[in-house]
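Sequences are here, hints too, so could you generate the full structure?
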Amino acid sequence: GRRFLIIATDTPLYDDNGSLIGIICVSSDPRPFQEIKVTHLEAKELEAGQGFNRSRSGVASKLGLDPEQPLQTAIASKLTNLATKVGNKVRSKMKAGENNIPREGGSG
Numbered sequence: 012g013r014r015f016l017i018i019a020t021d022t023p024l025y026d027d028n029g030s031l032i033g034i035i036c037v038s039s040d041p042r043p044f045q046e047i048k049v050t051h052l053e054a055k056e057l058e059a060g061q062g063f064n065r066s067r068s069g070v071a072s073k074l075g076l077d078p079e080q081p082l083q084t085a086i087a088s089k090l091t092n093l094a095t096k097v098g099n100k101v102r103s104k105m106k107a108g109e110n111n112i113p114r115e116g117g118s119g
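Using the working numbering, you'd call the opening residue of the sequence shown number 12 and step up by one each time.
In case anyone wonders, no lab produced these hints; they're calculated from the structure.
Taking CB as the label site, the calculated pair distances span: (1) 41 with 99: 17 to 27 Å; (2) 26 with 92: 13 to 23 Å; (3) 38 with 84: 14 to 24 Å; (4) 15 with 93: 18 to 28 Å; (5) 81 with 108: 32 to 42 Å.
Below 25 Å or equal to it, Euclidean Cα-Cα: the simulated PhoX-like pairs (lysine-lysine) are: (6) 106 with 96; (7) 89 with 100; (8) 104 with 89.
This one's a predicted model, so the numbers in the text were calculated from it and none came from an experiment.
Each residue gets a CB set at the ideal place from its N, CA and C atoms; glycine is no exception.
Here you go:
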């Protein structure tokens, strides 16, 4: 097999009673972030100060990240938000599935 890198975050999924019912893992291909690293190195070759800030903020905004945040923080925040959205979607589908389960009724 071939080895490759991923960026991943694991988020616990709890039911309404607070019991752990699973873990949601969101993973991402790190290549776009590695391209940022290349851009970062190119920016270092520019004059110090304003040139770098413009380059970094341009890359950050291109990826939809907050240019004021440190890059790792912005990426972690994006992944956490994605994991939360996925968790909410899974919860709503599980609840919808519970409502559609036929139950046998009857008196004792």
